[in-house]
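Given two chains presented individually in distinct reference frames, assemble the corresponding complex, making use of the accompanying hints.
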Amino acid sequence: MLEAIGVQSMDDLLVDIPRSLRIKALELPDGLSEFETMSQISSLAARNRVFPDRLTFRGGGVYRRFIPAAVSAVTSKPEFYTAYTPYQPEASQGTLQAIFEFQTMIAELTALDIANASLYDGATAVAEAAMMAHVHTGRDEVVVAGYVHPEYVEVLRGFSEGRGIKVRKGTEPGPKTAAVIFQQPDFLGLLVDARTLTERAHAAGALAIACVDPISLAILTPPGEYGADIAVGEGQQLGLSPSYGGPHVGFISCRKELVRKLPGRLVGTAYDKQGRRGFNLALAAREQHIRREKATSNICTNHSLCALAASVYMTYMGPRGMHQVAEVSFKRAHALAERLKELPGWEPAFPDRQFLNEFPMRVPNAPALLRKLARKGILGPLAVNRWFRELKGVVTFTCTEVNDPTALDELVEALQS
Amino acid sequence: MTEPLSFEKSRPKASAPRLPEAGVTGLDSAHVLPAEHLRKEAPGLPQLSEPEIMRHYSRLSSMNYSISEQFYPLGSCTMKYNPVINEAAASLPGFAGLHPYQDESTVQGALELMWRLEQALCAVVGVEKVTLQPAAGAHGEWTALRMIKAYHHSRGEARTEVLVPDSAHGTNPASAALSGFHVVEVKSGPDGRISLSDLESKLSGRVAALMLTNPNTLGLFEREILDIAEMVHATGAMLYYDGANLNAFMGICRPGDMGFDAVHMNLHKTFTTPHGGGGPGAGPVGVKAELVPSLPTPTVERSNGHFALDFKRPQSIGRVRSFYGNFGMLVRAYSYIVAMGGDGLTQASRDAVLSANYLRKQVEGDLDMPHEGPCMHEFVASAQNLAHDGVRALDVAKALLDRDFYAPTIYFPLVVPEAIMVEPTETESKATLDAFAAAIKEIVAQAKTSPQELHDAPKNQPVGRLDEVAAARRINAYLQGQGDDPVLRWKPPGK
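First to last, the protein sequences are chains R and L. Using my numbering, you'd call the opening residue of the first sequence number 44 and step up by one each time. Using my numbering, you'd call the opening residue of the second sequence number 127 and step up by one each time.
It should be emphasised that the hints constitute simulated quantities derived from the structure, not laboratory data. The reader is advised that the hints may include incorrect statements.
[What the hints assert, rightly or not] With a straight-line cut-off of 20 Å between C-alpha atoms, the simulated PhoX-like cross-links for lysine-lysine are: (1) K316(R) / K585(L); (2) K299(R) / K617(L); (3) K299(R) / K621(L).
Since the model is a prediction, treat every value here as computed from it, not as a measurement.
This is chain L alone, in the form it adopts within the complex (with noise of 0.2 Å):
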């Protein structure tokens, strides 16, 4: 099955949809302004009536994997269930309908849900004080990595490196990079924890930070983690707290227990807010004292019982987005922790870790596990016994959607050949964890008896599998004035 591109369905007939007219006296723009700044052709957008839009989406909803459908095993991607009261909470009409410059005896409600959301994210991960603002993840990533830059400069300090562990997710080293450091990589050790000899070697005082996650992105606790801090604070550099894997220990134990300075979260992971096929998120970072100063502004205050947003703070790094974050998923993230409490949290990172060891314990005969047990909230698995029989992890995760599973995360952390992350999160029953390690189970069979199936696969999508080398060429044609084809959009045959 596919739709046509809105676009191709446009009809120039179709009804304009009946909006107001103006009801006022006065001229057109087209009388009032000066004909350099007025538009001489009308935008080429689709026109459609109503029922052929809805029908539209509706076909293309139809098209998703979702986690609303399909368990998302997807590993440092934390996707388990949204729950539809965090929907609820954030189209109140009370939240929604706030403008962003409203005064701020006017939207008391909005600073306060803000600043009990930062009470609670410093307690669960154990710090100072929390921004709001970054937008995700990445965005998160570099105000900390500017505020520990800060940091440094106002102790006369110009550190230019940050020190990333080979394993890490790709934005910690293109957040340093556009934070203006050089990125040195640190190597992993053969039990997958990082290396603390090689961290030894390349810890001077050029290094600004550490960027780490823990448990690794293989899903390994850093046992070592104290020593690393110790390490990383006796040469005057910070330690940076990736959140991304945030849902193996909430309850159990605290990054800021472990020695980090800074500590991005991601709302759209830990604290279920939904992932919109690709955002919005949410990024908070919560900081140790020393760089309280440095946080952006503005911060949400509190004193007396009145909230109010501090914009006079000398030291800040500024603003790192427009107005004060992604206010409808910080209602969402409330939402979720107040219905969860302290003691719902806590069991969902339990049962994360147990579901993750559960399914590992499942398909550990049938892919390779290149690290011991037991592992925290995901792990990864390798499809390197398939090779021999020409299967990769590629064709695993494809076959994988023809059994109405979205597929894990591969080909990553890059420390392990044909790496098959598996992040089943709290929210699956075990019984879509059994059905998944059927799953696996059959594919692995079917790597020995029908090999061409699983490269044929997916069979029952929308599409098969796409030839991303004839795209690239195509893309490169156009770039290069060859093509007609722009590839990255649509264009009326013809233009």
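One chain only, chain R, in its complex shape (with noise of 0.2 Å):
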């Protein structure tokens, strides 16, 4: 090959690069057979706890649910996960069409217009939201309702300091209000009053954006339905594993008024000269690779995997299995939270607030109950605490269809004993 271009080594090649930055090797071991590095891997992997599905009592914005085999079994094909982002439309048409259908399903669930391809996760997701009502309405402030996930909001305040928008907690938005956010259920798992929260946003002329669980859409009023602008949300659930945090997919749908605004990939239906309906990349004007510095987000590549094993796990679930899914979930976390007040000093954290399938309990000594039950071989609930300093001794926890009936009795025997 070095013949055929006409040089003598491949030194002749590098010539452009300066001698002085010229290295002798990287100070790295050399490679392995892939036996070798399996082993290597293995052994990493085999440090590491893994709690058993029915045991994993904890959430907080990832959660451990029955995945289909369906969904591997369609995300590990290579024609999908070897592909790149669908830039020549004719030969990508299965992704593009899989990402059509997600935008459709995710519009649907939380019955707003038009939803994108994908985020990376429901933390940018949220800050992504605020930028687009810091945009629409010209204003510079954004107000957090309650208990929106500590990381999220943390992910937005670093979103907002570059854009210059102040993030401010509370309940009553104000007129430099761009939009209020809130989450439902909250990252306690509790029900919050979505509609007031949404009624009060627009009485003060800001954006209302919902941060929702897709599972809970199932059985909770969809944010389109009580009037929010944007509704944003993590993924995980619908098919993905927990994987140390990622990685997942953050989703993000709005009214039709706002879609001009929205961040990232959406794909359109179009058609060719024959007639035939296909799909390609739409209002690609908002984007970096167009618009440059005027784009409405940076982002480029997103998640698109992900929002395929979420596309097909929903395709899978039909509205049947969703809701059955968060039926169950539903009433095993009510029936382990009835179990669990019966505790001596335990109690409802807030007793009036209704949950679904997570919910807090203020309970005396959490590390300790923490290492019994992980002694035990149960991962126990998320101690808030670390986050929140008024919720001295309340844990989270949560239930779902993983969580079988004889799991709910194995911790509470741990509890008790």
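What follows is the structure, encoded as structure tokens:
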């Protein structure tokens, strides 16, 4: 090949690199065989402790759920996972159609007009939604109402700082407020009065941004119905493994008046000369590769394959499956809550508030309790005091369809021992 | 071939999947929750049986080009083979099953993997420390710019401008703008490299950073990089490295030694994590000592053989996403690095440069080469020589699809008219490169003899060229409340 190029050696191809910059070698070990590589990686994996699904009662944004085998059967198809962003639509119809179906499912689930192709995660979805509200209203403050996931709020603060936007906690929007952001159910699992928060936002001329749990929407009023302008959320529960926090998938949907301000990719239908329907990337003039510094967002690579997993999951479940999963989780969580409040010294942290399948309890000596459960192979509840000082002694329990009734018995027995 | 949407195939009577019953006593949500919280109408998701679903997605998968089946010479995107061992590593239950809020003592293997990956990336790019949190390249750019802003701020300086070459990736100016900077463009000279005189005229005490990729998007190494670094640093600004083109010189040289202060890396390009049809990727950022205090929290630290997450970093810019990054992608990249080793990574870059120069030579008689070689890992040709036959870069791209090649990046970088940007990567054989060159030759010949054939391409794809103008018109109509077809989603007929 060197001969064909017309040079003597590889060095002739590297002439533009100043001599003084050349390094002798990378300070890394030499490569290994596949067998040795895998045994090294496996030994790292073996140094982690994986709690069984059924004995995992911890949530806080990442949940154990049943994942149908169909999900990985589809996402492990190399035609999907080794494809690039669909810049050439004719040779990417599979990816494009799958994204179009994802957009439609998210729009249906949230009862809003249009959803995008995906974002990185729930946290950046919240932040991107706030940026949309800032651009749409021309105002430079966002109000975070109630217990929104603390990591989402931290990411929101980071995004806001760059754009000169103030993030304020509270429930009362003012004349400078671009949006009121709330989470339904909130970080503790409790239901908030989404309708009132939305109405208050609108009365102040601000947008309402609902951060929602996609499974919960099989039971709960969807954001579009109570008038939210933008819905965002984390889609991990739709067929993705916890994987120490990622990759998962953020989603965002909005009213059609806001579509031009949406960040990231959007797929739409288009027709060829023969009148055949196809799919392509639409409204690209919002995006960084066209608009550069005037783009609605800098996002380029998003989380397409995770969105594909979510699509397969939602298609597999259908409306009835989604409802069944949500309802089973609801019933088990409520049954567990009833039993836990009988334990000596235990009480619901917010007894007057409704919840779905995650709920806060005030307990004596949370650290000791978590250690005790871990010894018995149970991943116990999440201590939320780490983020919220006022919630001393409060832990949140999560129940889903993977926590069978016997697992609930084992948990309660372990707590009583 | 087209495939109906899952929504169009949906059958209300399709059996729902069998799922567990609650198995506990208690009321339904409908009897517990107040009516205002309850959804009245079930979401309109498709209802299909499992065999129908599997067939649907199998058919969709057959309507895709992918690295597993086609050569993907997509410039700036480094579409190399994704070793299957990476997938096996990431799906080990010891990784996939970890909850992000587990106690540190139960995730020592995960933290050690992150720490080791960080060390390896430091070695490859020549920096002090790395954050693995950013989810993609653009996210990494934005993270680095915020760190740079924090650094200047800590020195009592409010610098407001970021310099970006005219040949830069679109994410550069977008990330700068989103971090609150004013973007100032720096021109390329006639040789395709950044113009030092233009750079000089734009540097001032207002400039926070220059964002640069090297080799630049024309595939040319910025020979004057050491002078550039000196000029930038002399004004107190920082030098930022866009790592999209890192595949050009692993083991040959390092951005840190060139004077870059912050470096992002695309694990989905250089380190073979699959692109997934548009992500997930991962965009770690490495920094020199002066930026270490502003790294996002948490960082992974080792002391006495124990690994821990450090949240107590007072000068940190805070977290840039939830949890600790796209951990599953980190496992894949680490597995690639372990398998390749320092020797293998070096060989990969050398082979990438060799492939690009070889392919460049094969097609230089057929397409314009606006800049002199040698190139690094990619080159930019121009289809302007076909213009008098009425053939454009877009036609060449579509004709390649019909010959079973994915198309190169076209119309980028913006500084080259009718640009065709080719990055063959090290994982393609000489036979594949020859076949691609032969296809280009054939297309160029066709431009003279039957240009209409090229305008009509592609012909053997599931659809022909799509009418984007008409699609945009329909979207406008919908957004203005004049059309029934939302274009950007499916809607049941009549709704």
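Each hint, compared with the structure:
Our distance criterion of 20 Å between C-alpha atoms is met by K316(R) and K585(L), whose separation comes to about 11 Å. With a C-alpha separation of about 14 Å, the suggested pairing of K299(R) with K617(L) holds against the 20 Å cut-off. Between K299(R) and K621(L) the alpha-carbon distance is near 16 Å, which keeps this suggested pair within the 20 Å criterion.
Hint compliance for this structure: no hint is broken.
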